[in-house]
Amino acid sequence: MNWLIAILQITLFVVLAPLLAGWIKCCKCRLQNRKAPSVFQPYRDLLKLTCKQPVVSEQASWVFTKAPYIIFSATVLAASVVPLIAVDLPTSASADVIVMVGFFAFARFFLALAGLDIGTAFGGMGSSREMTISSLAEPAMLMAIFTLTMTASTTNLSFAITHVLNEGLVLRPSFVFALAALTLVAIAETGRIPVDNPATHLELTMIHEAMILEYSGRHLALIEWASQLKLMLYGVLIANIFFPWGIAETFNLQALGYGLLVIMGKLALLAVFLAIAETLVAKMRLFRVQEFLSFAYLLGLLGMLSHIILEAVR
Amino acid sequence: MNIEQLDFYTQAILSLAALVGLTSFLMLGQGRLLRLIFVFAMQGFLLTLTTALAAYSLNNHHLYISAVLTLVLKVIFIPWMLRRQVLQMNMHRDIEALKNNTAVMLGGASLMVFSYYVLHPIVQSSSVVMLNALAVSLSVVLLGMLLMISHRQAIAHVVGFMSIENGLFFAAIVATNGMPMVVELGVAFDVLVAAVLFGIFFLHIRTSIDSLDVDLLNKLHEVEK
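Chains as they are written, first to last, in my numbering: chain R, 1 to 314; chain D, 1 to 225.
Hints listed in this document are in silico derivations from the structure and should not be mistaken for laboratory results. Here the structure is a predicted model, which means the values were calculated and not measured. One or more of the hints may lead you astray.
[As the list claims (entries may be wrong)] To be clear about the criterion: a stretch of chain D counts as covered by chain R if any three or more of its residues have a C-beta under 8 Å from a C-beta of chain R, and this derived list gives those stretches:
#1 6–12
#2 15–26
[Stated by the list, open to error] If you only want the chain D side, here are some residues facing chain R, beta carbon under 8 Å, derived:
#3 Asn-101
#4 Ala-103
#5 Met-105
#6 Val-113
[What the hints assert, rightly or not] Label pairs and their in silico Cβ distance ranges:
#7 D:Thr-102 - R:Thr-205: 18 to 26 Å
#8 D:Asp-215 - R:Gln-32: 39 to 47 Å
#9 D:His-92 - R:Leu-202: 24 to 32 Å
#10 D:Asp-190 - R:Leu-165: 43 to 51 Å
Heads up, the beta-carbon is just placed ideally off N, CA and C, and yes, glycines get one too.
Take the sequences, apply the hints, and build the full model.
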């Protein structure tokens, strides 16, 4: 039974991810006074790409053709660790948050390899940029997450969320910092606006798009889907760790349905904030990204400090 | 003392303390003057909120007066005046290139660690829970000094000075439940006068060296190096 719900949760994750991307695009269009495409447009795009025949360069090795499958499955595995509608599921109990970061690193490794594999200038440039950014983002993310895990004294996300849930409303200074740090890292890691622009193929500024420039057809569909999944995953992480109220603790139909509704509401709200932020902020120069991420690291560090000093048991 | 056992107001005050510390860091890394002034006003607003909360939870009525005083002076008047001066001198489009921004930020973080370390013995032996926030206020003072050292614009120095005063005010609220009214009024008046005086100084520096960049003050040497 528990496994069934776990599988259902992962399926929901995978199915809902394009919807979130569509909703963000919709909000952004409204804010910029443009006519918005349908919320379901990402599904149509994915379908269209899947039906098309992929074009692969003659120089491409097996890494290039296998990488999309590896990236997608690693991202799905990472998603299985994060509680979406219910806590205490067997998938999230078996792995902790460090494993999740590991899955991300694995997927990123193959994405960077695939970018290098084909030998174009843009692919290599994108890979090097992606690795630079991720090497700065990962410590910041771990710092933010360690603040939470120190509060809950577990690295398991499911147990940590239960801990926050059972404690009721406690205003923690450290959570303020951890939330800010995790938000900055999420923006950098999912390639949203101040760091990377997901909507453009402008030669000199792209990071994620540069790596996947050579992909087409179903390969491109899988990579796009994986990045949508990653965006949703970070959203769920922020929503469920800091505002876990509404997540199902028992496995009856009512609680699960309520949990689904609540998480969709929370994600929709987060997406609105993201769209507003992306409309207000201009993309920063590539060489300022390290300042951005070192600020995120600083916030994580301050969160940890204020946990130790302001909240520790004496 | 664990944070879950404290009452809601104390938790809120501690969280606000953390946010006040955060605004200090934001000021430290800010190159644009108008945004610096805006963050300064935000710090003042957080301070007002803290004071009002402390007044409510301690049932201490004269703290309301100092909350209003903070609101009027540090959220509205001084930022408005600084902003007007920046606009008048047409400096709002300049971006100050901060040297070693990352190093300054890390220096700020280590100052915060230092102030926690210094205050740890006091905090441990004391029974007042809010004394915890003393560490934050000390680091606000130190970060204000760092802001004055690391920025080159005279207006940024004034903001740093005012944020030092913010830190002291915050310490007074959390540690002693507010200073006596006379002292507080005196300090507020001092700050007001200082702000006005700084405005006059800006004009003078501006007319004599045609800039507010304090590095250019080296030109005042009688012998050219």
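Take a look at whether the Cβ-Cβ distance between D:Asp-190 and R:Leu-165 falls inside 43 to 51 Å.
For D:Asp-190 and R:Leu-165 the Cβ distance comes to about 49 Å; the hint holds.
A closest beta-carbon separation below 8 Å is what the hint needs, so does D:Asn-101 meet it against chain R?
holds (6 Å)
Examine the segment 6–12 of chain D for residues whose CB is less than 8 Å from any CB of chain R, and state whether their number is three or more.
holds (count 3)
Could one say that the CB atoms of D:Asp-215 and R:Gln-32 fall in the range 39 to 47 Å?
Check passed, 41 Å falls within 39 to 47 Å.
Is the listed coverage of the segment 15–26 of chain D by chain R valid when you require three or more residues with a beta carbon under 8 Å from a beta carbon of that chain?
Our answer is that it holds, as 7 residues pass the Cβ test (under 8 Å) against chain R, meeting three.
How does the Cβ-Cβ distance of D:His-92 and R:Leu-202 compare with 24 to 32 Å: does it lie in that range?
holds (29 Å)
Does the beta carbon distance between D:Thr-102 and R:Thr-205 stay inside 18 to 26 Å, or does it fall outside?
At 22 Å between Cβs, range holds.
Using Cβ atoms only, decide whether D:Met-105 comes closer than 8 Å to chain R, and label the hint accordingly.
holds (6 Å)
Does D:Ala-103 pass the interface hint, meaning its C-beta sits closer than 8 Å to a C-beta of chain R?
violated (10 Å)
Taking the least C-beta to C-beta distance, is D:Val-113 closer than 8 Å to chain R?
Hint holds; D:Val-113 Cβ to chain R Cβ min 7 Å, cut 8 Å.
Figure legend: structure checked against the earlier numbered hints; the only hint not met is number 4.
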